[in-house]
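Dock chain V against the given chain R, drawing on the hints supplied.
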Amino acid sequence: MREKKGMKLSLPEEEYMNPGHLACQGCGATLAMRFVLKALGKRTILCIPACCWSVIDGPFPYSCLEVPIFHCAFETAASSASGVKAGLEMVGDHETTVVAWAGDGGTFDIGIQALSGAAERNDDILYICYDNEAYMNTGIQRSSATPYGAWTTTTPVKHFKNRPKKDIIGIMAAHRIPYIATASIGYPEDLYRKAKKAKEIKGTRFIHIYAPCPTGWKSRPEDTVKLARMVVQNAIFPLFEIENGEKYILNIKLREKKPIIDYLRLQGRFHHLKEEEISLMQEEVDRKWQRLLDLCAKN
Amino acid sequence: MKKVIMGNHALSYGAMLSRAQVIAAYPITPQTQVVELLSEMCADKILDAKFIKVESEHSAMAACIGASLAGARTFTATSAQGLTLMHELLHWASGGRLPVVMGNINRAMAPGWSIWSDQNDSLSQRDTGWMQFYCASNQEVLDTVIQAFKVSEKLLIPSMVVLDAFSLSHTYEVVEIPEQAKVDEYLPPFRPKIRITPDEPHAFGGLTSPEHYFELRYKLQKDMEKADGVIEETGKEYQKMFGRCLGLVEPYLCEDAEIILITSGTMGYTANVAVEEMRKEGVEVGNLRIRVFRPFPFRKICEILKNAKKVAIVDRNISYGHHGIFYQEVKSALYGKNRNIPLFGFIAGLGGRDITPSTFKEITKYTLKKEKPEDFICWIGVKK
Numbered sequence: 001m002r003e004k005k006g007m008k009l010s011l012p013e014e015e016y017m018n019p020g021h022l023a024c025q026g027c028g029a030t031l032a033m034r035f036v037l038k039a040l041g042k043r044t045i046l047c048i049p050a051c052c053w054s055v056i057d058g059p060f061p062y063s064c065l066e067v068p069i070f071h072c073a074f075e076t077a078a079s080s081a082s083g084v085k086a087g088l089e090m091v092g093d094h095e096t097t098v099v100a101w102a103g104d105g106g107t108f109d110i111g112i113q114a115l116s117g118a119a120e121r122n123d124d125i126l127y128i129c130y131d132n133e134a135y136m137n138t139g140i141q142r143s144s145a146t147p148y149g150a151w152t153t154t155t156p157v158k159h160f161k162n163r164p165k166k167d168i169i170g171i172m173a174a175h176r177i178p179y180i181a182t183a184s185i186g187y188p189e190d191l192y193r194k195a196k197k198a199k200e201i202k203g204t205r206f207i208h209i210y211a212p213c214p215t216g217w218k219s220r221p222e223d224t225v226k227l228a229r230m231v232v233q234n235a236i237f238p239l240f241e242i243e244n245g246e247k248y249i250l251n252i253k254l255r256e257k258k259p260i261i262d263y264l265r266l267q268g269r270f271h272h273l274k275e276e277e278i279s280l281m282q283e284e285v286d287r288k289w290q291r292l293l294d295l296c297a298k299n
Numbered sequence: 001m002k003k004v005i006m007g008n009h010a011l012s013y014g015a016m017l018s019r020a021q022v023i024a025a026y027p028i029t030p031q032t033q034v035v036e037l038l039s040e041m042c043a044d045k046i047l048d049a050k051f052i053k054v055e056s057e058h059s060a061m062a063a064c065i066g067a068s069l070a071g072a073r074t075f076t077a078t079s080a081q082g083l084t085l086m087h088e089l090l091h092w093a094s095g096g097r098l099p100v101v102m103g104n105i106n107r108a109m110a111p112g113w114s115i116w117s118d119q120n121d122s123l124s125q126r127d128t129g130w131m132q133f134y135c136a137s138n139q140e141v142l143d144t145v146i147q148a149f150k151v152s153e154k155l156l157i158p159s160m161v162v163l164d165a166f167s168l169s170h171t172y173e174v175v176e177i178p179e180q181a182k183v184d185e186y187l188p189p190f191r192p193k194i195r196i197t198p199d200e201p202h203a204f205g206g207l208t209s210p211e212h213y214f215e216l217r218y219k220l221q222k223d224m225e226k227a228d229g230v231i232e233e234t235g236k237e238y239q240k241m242f243g244r245c246l247g248l249v250e251p252y253l254c255e256d257a258e259i260i261l262i263t264s265g266t267m268g269y270t271a272n273v274a275v276e277e278m279r280k281e282g283v284e285v286g287n288l289r290i291r292v293f294r295p296f297p298f299r300k301i302c303e304i305l306k307n308a309k310k311v312a313i314v315d316r317n318i319s320y321g322h323h324g325i326f327y328q329e330v331k332s333a334l335y336g337k338n339r340n341i342p343l344f345g346f347i348a349g350l351g352g353r354d355i356t357p358s359t360f361k362e363i364t365k366y367t368l369k370k371e372k373p374e375d376f377i378c379w380i381g382v383k384k
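Chains as they are written, first to last, in the working numbering: chain R, 1 to 299; chain V, 1 to 384.
In case anyone wonders, no lab produced these hints; they're calculated from the structure.
Please read these numbers as outputs of a predicted model, since none were measured by experiment.
Beta carbons: idealized from backbone N, C-alpha and C, even for Gly.
There are no misleading hints in this set.
Derived lysine-lysine pairs resembling DSS-like cross-links, with alpha carbons at most 27 Å apart: (1) V:226 x V:193; (2) V:369 x V:331; (3) R:288 x R:298; (4) V:309 x V:331; (5) R:199 x V:53; (6) R:202 x V:53; (7) R:202 x V:45; (8) R:42 x V:193; (9) R:8 x R:38; (10) V:372 x V:384.
Just some of the chain V residues that point at chain R, by a computed CB distance under 7 Å: (11) 21; (12) 54; (13) 67; (14) 207.
The shape of chain R in the complex, shown without the other chains (with noise of 0.2 Å):
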């Protein structure tokens, strides 16, 4: 990266992204989107389902974005990619990038068969997630993304949600596409260099990140990059690399792993919860934290 002003930069600062877009304050996705296409750059296009990022962009004609867009079905994120990428083969563009960018609603519930079916195929596309752990778009209703414990408008804080979070990650791994990472818009040079490895991949790639989303969330816009980075030193939402659904890497070693109850207070969809549902939920993560050391050290 080039020196500017005495500052070493960490990214490209080359935008894609424009002023003027429809994010509610402190949006994570559009973060994600941000640092994402300063790793891809201008040849790349988009296909994005119903999701907060269908309106982030702009209405008809406006766009915020300097790549082509297309908005597709909500079910169809992968496979509108798919086929963008098969059409672009066949008039002898071999070069671009085709992604699949979606929320979490779009990739966990009602896309995941057409994910699955493009991951099992390995088609030449990335597929990115990004997570805001509801269908926030709607306004706030629950996802299979959504974690335990959640307040939204479909989990009443009576009948707060009392499933866990799907294991998206593991379902992807069950694919054994080349390559799986997660990341988060709290560690923007871990995502970035994420999405230009994954660039450099040919068949299917899938990029799950994790983006804040202070309406959905109730917690204020200025916490949505801190809780992007607590969430990974609590080891909630670990950063980890699996290359061909086998060899796990992990990207954030965590030297102290925070409690995870400092980031639940500061969200107010988790103020119901008491003493001993947060210790459950402690354990289920120091749970899944030491089999993903486990997995990793296989390697």
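This is chain V only, laid out in the frame that chain R set:
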């Protein structure tokens, strides 16, 4: 070159000769041979295309839409449950103005499970903004695929080429396979003015406010209104080059007919046989086979029915709570344009119940006998 092939393979040959570039498809009885042959053609490099073997019809249409947006000529084929699973995306293809061509084998909708023919699958896609062609022979299937690409790409409206389950899909007939060079001359490569590419970044299909949406739909209808002209024009051009006319309708002995039967699909040819036999017996009957259902050929139908005394419309479909769908359409075509001509509406052959020449004789006999229809719907062969 002449070949004896099944209707499903006529679809495959049509797609091959049209040089489809991306095919995305999912198997369903009775469509499977279409994609089996196409996958062989792709594997053997007889056809230079990407074949995406998707995990559902929904993904098949999504992939076709994506590929078409990227500027490739795309083809798929399906039937019944598969077609209706695609329903959402049929709107997406037409609304996105993407000239996808799809074969649909008419099969009755479950439950109960049926693999046999009726038209409720495709006709319930009536308002999705697709053109629909109903074929009566394997030759017509092959020719129509080629024509459909030409019409679709001219108007940027997708097309459905429809054929009956088994009575066409699995029936072998002699088919003239046109020369590739001649087809290339008739159907030049697909080069859309606008496509998705980083060279010219646009956002396609984004949030469209009431300020713009209305006009997009108006334009789709305006182009659909041009379609009957384009179909006739490309059909005549096809006739000049290949000797077979591909029009909106196919009238048989209608000029002097007192009773005109209205049919579609393979029963159209069955009706011709019956008409021939009845003519020998002195009955002045004709058959008007409707080939294009969308756009509906209002003008042409009024013209042909001009002198008829009675019309008997035979539907292998039903709109529950109303009537046969062709019946409704013909009725609306004639409204205000013709004297009060009695329209007899028959429902026959649902779920693959046979429609034979005697079916049409029965229909004609009934129509001759009555001054006007006594029942709103005349059911043929139903066990009441």
